[in-house]
Every structure is written in C-alpha cells, then in structure tokens.
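Visitor: Below are the chains, spelled out letter by letter.
There are 2 protein chains.
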Amino acid sequence: MSFFELERSLDYKFSNINLLELALTHRSNGSPHNERLEFLGDSVLNFAITIFLFEKYADIDEGGLSRLRASLVQQNSLAIIASDLNLSKYLKLGEGELKSGGCNRPSILADCLEAVFGAIFKDSSFNEVQIVIEKQFVKLLNNLDLKTMCKDAKSLLQELLQSRKISLPRYLIVNINGAAHNQRFEIECVISELNIKTKSVGDTRRSAEQSAAKLAIDILTSSNSNYLNDDNISNYKNIKV
Amino acid sequence: MSFFELERSLDYKFSNINLLELALTHRSNGSPHNERLEFLGDSVLNFAITIFLFEKYADIDEGGLSRLRASLVQQNSLAIIASDLNLSKYLKLGEGELKSGGCNRPSILADCLEAVFGAIFKDSSFNEVQIVIEKQFVKLLNNLDLKTMCKDAKSLLQELLQSRKISLPRYLIVNINGAAHNQRFEIECVISELNIKTKSVGDTRRSAEQSAAKLAIDILTSSNSNYLNDDNISNYKNIKV
Numbered sequence: 001m002s003f004f005e006l007e008r009s010l011d012y013k014f015s016n017i018n019l020l021e022l023a024l025t026h027r028s029n030g031s032p033h034n035e036r037l038e039f040l041g042d043s044v045l046n047f048a049i050t051i052f053l054f055e056k057y058a059d060i061d062e063g064g065l066s067r068l069r070a071s072l073v074q075q076n077s078l079a080i081i082a083s084d085l086n087l088s089k090y091l092k093l094g095e096g097e098l099k100s101g102g103c104n105r106p107s108i109l110a111d112c113l114e115a116v117f118g119a120i121f122k123d124s125s126f127n128e129v130q131i132v133i134e135k136q137f138v139k140l141l142n143n144l145d146l147k148t149m150c151k152d153a154k155s156l157l158q159e160l161l162q163s164r165k166i167s168l169p170r171y172l173i174v175n176i177n178g179a180a181h182n183q184r185f186e187i188e189c190v191i192s193e194l195n196i197k198t199k200s201v202g203d204t205r206r207s208a209e210q211s212a213a214k215l216a217i218d219i220l221t222s223s224n225s226n227y228l229n230d231d232n233i234s235n236y237k238n239i240k241v
Numbered sequence: 001m002s003f004f005e006l007e008r009s010l011d012y013k014f015s016n017i018n019l020l021e022l023a024l025t026h027r028s029n030g031s032p033h034n035e036r037l038e039f040l041g042d043s044v045l046n047f048a049i050t051i052f053l054f055e056k057y058a059d060i061d062e063g064g065l066s067r068l069r070a071s072l073v074q075q076n077s078l079a080i081i082a083s084d085l086n087l088s089k090y091l092k093l094g095e096g097e098l099k100s101g102g103c104n105r106p107s108i109l110a111d112c113l114e115a116v117f118g119a120i121f122k123d124s125s126f127n128e129v130q131i132v133i134e135k136q137f138v139k140l141l142n143n144l145d146l147k148t149m150c151k152d153a154k155s156l157l158q159e160l161l162q163s164r165k166i167s168l169p170r171y172l173i174v175n176i177n178g179a180a181h182n183q184r185f186e187i188e189c190v191i192s193e194l195n196i197k198t199k200s201v202g203d204t205r206r207s208a209e210q211s212a213a214k215l216a217i218d219i220l221t222s223s224n225s226n227y228l229n230d231d232n233i234s235n236y237k238n239i240k241v
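Just so you know, the sequences run in chain order V and G. Numbering follows the numbering used here, with no gaps: position 189 of the first sequence is 189. Numbering follows the numbering used here, with no gaps: position 100 of the second sequence is 100.
Treat the hints with caution; some may be incorrect.
Repeated chains share a single entry, so a pair holds when one copy, or any two copies, can fit it.
Stated by the list, open to error - Restricting the straight-line Cα-Cα distance to at most 30 Å, the calculated cross-link-like pairs of lysine-lysine (DSS-like) are: (1) Lys151 x Lys92; (2) Lys165 x Lys197; (3) Lys56 x Lys92; (4) Lys92 x Lys135; (5) Lys13 x Lys56; (6) Lys214 x Lys197; (7) Lys99 x Lys199; (8) Lys214 x Lys199; (9) Lys92 x Lys165; (10) Lys197 x Lys13; (11) Lys139 x Lys214; (12) Lys13 x Lys151.
Rather than coming from a laboratory, the hints here were simulated on the basis of the structure. Computed from a predicted structure; not experimentally measured.
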C-alpha cells in the first residue's frame with residue numbers, strides 16, 4: 001500500500017516507512033502491532049501539547065492549562081483528526097475487527113493516531129513530531145474555549161447555579177485526618193435546594209473543595225440528570241480539576 | 001540563598017537561577033509560585049521516563065511499560081529523590097505550611113521536584129533535563145521489579161490465587177452495549193470461594209476483564225482486607241491496568 005497521500009496530509013516524509021506501517025497495525029491483526037508505538041506517541045503528544053500551552057498561555061494557571069490539555073488530548077479530538085487524515089483507509093485490522101467496523105471506531109482511530117506520532121518521533125526527533133502535531137491540532141488550538149476551560153470547578157459550579165437562580169453551594173469540612181504534616185481533608189459540597197451532596201478528600205482544603213465541586217458539576221450535567229433542563233451545559237462537561 | 005549544593009547534586013548549573021527559585025516556591029508562599037513549572041515538569045518527566053523504558057525494554061509490551069512507568073513516576077518515588085536532594089532545605093513555603101511541617105510532606109516534595117525538572121527544561125533543553133532525570137532515577141531504574149510489573153492484572157490475579165490454593169476467577173459477560181462498531185463490554189470477575197465479585201466496562205472484552213481483575217486485586221490486597229493473611233503481597237499493590 002502506498003502511504004504517499006497520508007504522508008502528504010501529515011506533511012512528513014518517513015525515512016523508515018515500516019514504522020508508519022507498524023503504527024497503523026492494530027493488535028487484532030496479530031504481532032507485531034502498534035501498541036508500543038501508541039505508548040510512546042501518547043507521551044510525545046502530551047509533551048508537545050503541554051509545551052505549546054505553557055508557552056502560549058503565560059497568564060493561565062496550571063489548573064486552566066490542565067483543563068485545556070485534557071480537552072485537546074482526548075479520544076474525540078484525536079478521532080476527528082484521524083478521520084480528517086483518512087486514517088481508516090490505511091488501518092491493518094484483524095478479520096473480526098474489520099467485520100464489526102473497527103476501522104471507524106473512535107478508540108481505534110485515536111490510538112492509531114497516537115502511534116503515528118510515536119512513529120514520527122522514532123523516525124526523526126521530537127522537534128519534527130512537534131511540528132506535525134501542531135499542524136494537526138491547529139484548528140482545535142484555535143477553537144479552545146478559554147473562557148470556560150480556565151475557570152476552576154468551584155467557579156464553574158457557582159456560575160452554573162447562579163445562571164439558574166439556585167442558591168450557592170456550601171463547603172463543609174467533614175473530617176481532617178492524618179498527622180499535622182500530612183493531613184487529609186474530607187469536604188462535603190452541599191447544594192441544599194437541589195438536595196445534592198458530594199464528598200471528596202484531598203491533601204489541602206482547597207483541592208478537596210475543588211474535586212467535590214467537580215463531582216457536583218458531573219451530577220448536574222450528566223445525561224441522566226433532571227436537575228438542569230437545558231442544552232446549554234455542554235461546556236461544563238468533562239471539566240477536569 | 002545559595003543553590004550551589006543543590007545544583008551539584010542535580011549535576012546541572014542553571015543559566016537563569018530565578019527559574020530554580022521559582023520551582024522551589026510553593027503556592028502557600030503567594031504568587032508567583034511553582035505550579036505552572038510543575039505542570040510542565042510532570043510532562044517532561046513522563047516523556048523522559050517513557051523514552052527510557054521504550055528504548056531499554058524492547059521486549060516488554062505496552063501494558064508492562066505502563067506499569068513500570070507508573071511505579072516510577074509516583075509520589076513516593078519522587079519524594080524519595082527529593083529527600084535525597086535535600087529539597088526541603090530550599091523550599092519557600094507560606095507560614096501556615098511551614099508550621100505544619102509542609103517542607104517534609106511527600107506531596108509538596110514530589111510536586112516541587114517535578115517543578116525543578118520543568119525549570120531545567122525551560123533553562124536549557126529536553127536533552128539536558130533528560131540526562132538529569134536519568135541520573136536521579138538511576139537507582140529506581142535499576143531496581144525495577146520487571147517480573148511482577150510486566151504481568152497483566154489477569155495473570156497476577158491468577159498467580160495470587162494459585163499461590164493460596166484458591167480456585168481461579170471466572171470472567172462473565174454481563175452486558176454488551178452500543179452499536180456494532182462501538183461496543184462496550186461489561187464484565188464481571190467472580191472469585192466464588194472468597195465471595196468476591198467485581199465489575200468493569202471497556203471497549204473490548206479483554207480490557208474490561210483486565211480492569212475487573214485489577215479491582216479484584218485491589219480488594220484482595222487492600223490494607224483492610226482479611227482475605228489474604230500474609231505480608232508478601234506488596235508487589236501486587238498499585239498495579240495499573
């Protein structure tokens with residue numbers, strides 16, 4: 001199979017084309033397969049996106065950077081890029097996977113794309129693969145929802161409740177365990193009006209409050225939830241603390 | 001404060017010593033603090049260890065590599081290295097943290113070490129920080145328990161039960177959801193003799209079985225567990241699927 005078009009879309013020419021072929025070989029096809037390259041590529045991708053965000057958004061704190069990164073390096077984003085690259089055309093799958101439509105499965109596409117990044121790194125250098133990754137992510141990078149992503153979970157929860165005229169949550173210390181130099185805070189986030197209580201534990205009061213707020217957001221925005229009857233909540237989903 | 005000794009222990013001389021000082025400044029000390037550098041350093045560290053493992057262990061599959069990495073890049077390991085570097089001596093903490101012994105808290109030490117790696121990367125290049133990281137991790141890298149770490153959760157669970165003459169677990173498909181090309185497998189791991197049942201969901205039957213097995217190992221090896229009355233189970237703890 002010729003990889004000419006794929007290399008053109010990636011804007012990268014392999015020295016060792018076997019690496020690309022391996023990256024496109026799913027484990028269902030037998031050994032060798034792409035999972036080691038995927039392990040490598042996952043870390044390459046994480047690092048490239050981390051550097052990009054760190055340099056570009058000097059004013060955003062680490063919580064905001066983490067949320068931005070999580071929104072970029074996730075299965076859906078990767079599967080969309082993989083589809084744009086027509087990756088499914090090149091996949092080598094076992095017969096079972098092929099029959100059950102594996103070549104369009106988001107998880108397989110996403111893993112494969114990571115393996116391709118791993119292969120490019122192996123074939124050249126981090127600098128080269130960094131350029132490829134930024135080119136592939138440029139659309140997503142330009143569309144980042146900074147406004148929502150850079151708020152922490154407590155702020156988001158407050159905003160979510162205020163916009164629906166629901167009283168603000170209270171954060172109660174349920175317990176403090178451990179010796180003075182190694183305390184663990186157990187915090188409850190209470191939204192009385194909705195009869196919601198979430199509980200979380202953390203090394204600091206602040207981190208425990210944040211993750212309890214995150215749990216409350218998850219409950220409020222889950223697809224089974226009847227708490228908020230509107231569609232305008234997608235931005236609050238999948239926020240990482 | 002002079003960082004001469006610390007630089008010697010790290011075997012790295014900073015061009016911009018302010019970066020090192022920032023890396024050692026905890027958020028409790030006010031702004032600016034080290035959390036953005038920690039965000040960067042966490043990814044730097046992950047990437048350096050990933051490359052090391054990928055290159056050194058060509059025969060180990062991605063599951064084994066993941067478990068090895070998780071055993072290295074975790075709070076305890078980082079805190080030990082930070083202690084060896086005498087990092088607590090250099091930390092800038094707020095008064096509250098200082099009084100409550102924050103400079104010896106493992107989480108603070110570990111985060112700070114990551115921030116130091118981030119600072120070295122910013123100060124020089126990935127190649128430079130990679131050398132520093134490998135030097136600091138050399139002891140841990142040489143002591144990796146390949147035998148245990150490179151087994152998957154199902155194999156470990158089987159071994160754990162066999163060594164205690166307990167009948168092997170059964171894996172039952174409880175449910176298969178989703179369209180043909182996007183199925184989700186719900187699997188139950190049953191250890192009848194111990195009356196243990198764990199349940200997990202995954203994109204493939206294999207991955208769901210592995211994570212159900214992992215949950216069973218967690219139950220068997222938890223410190224509250226009465227299932228296995230021996231001390232020789234530490235190697236089975238904290239195995240990642």
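Visitor: Are the hints correct? Go through all of them and say.
Guide: Status of each hint after checking the structure:
1. Lys151 x Lys92: Classified as between; 26 Å across copies, 42 Å inside a copy.
2. Lys165 x Lys197: Only inside one copy: Lys165 and Lys197 sit 18 Å apart there, 44 Å across copies, limit 30 Å.
3. Lys56 x Lys92: between (37 Å within a copy, 27 Å between copies)
4. Lys92 x Lys135: Intra 25 Å, inter 40 Å, cutoff 30 Å: intra-copy only.
5. Lys13 x Lys56: Intra 28 Å, inter 26 Å, cutoff 30 Å: intra and inter.
6. Lys214 x Lys197: Answer is both; intra-copy 12 Å and inter-copy 29 Å each pass.
7. Lys99 x Lys199: The answer is between: 27 Å across copies meets 30 Å, while 44 Å in one copy does not.
8. Lys214 x Lys199: both (10 Å within a copy, 24 Å between copies)
9. Lys92 x Lys165: neither (53 Å within a copy, 42 Å between copies)
10. Lys197 x Lys13: neither (54 Å within a copy, 51 Å between copies)
11. Lys139 x Lys214: For Lys139 and Lys214, the Cα distance is within 30 Å only inside one copy (28 Å; across copies 38 Å).
12. Lys13 x Lys151: For Lys13 and Lys151, the Cα distance exceeds 30 Å both inside one copy (40 Å) and across copies (37 Å).
Hints 9, 10 and 12, counting from the list given before, are not met by this structure.
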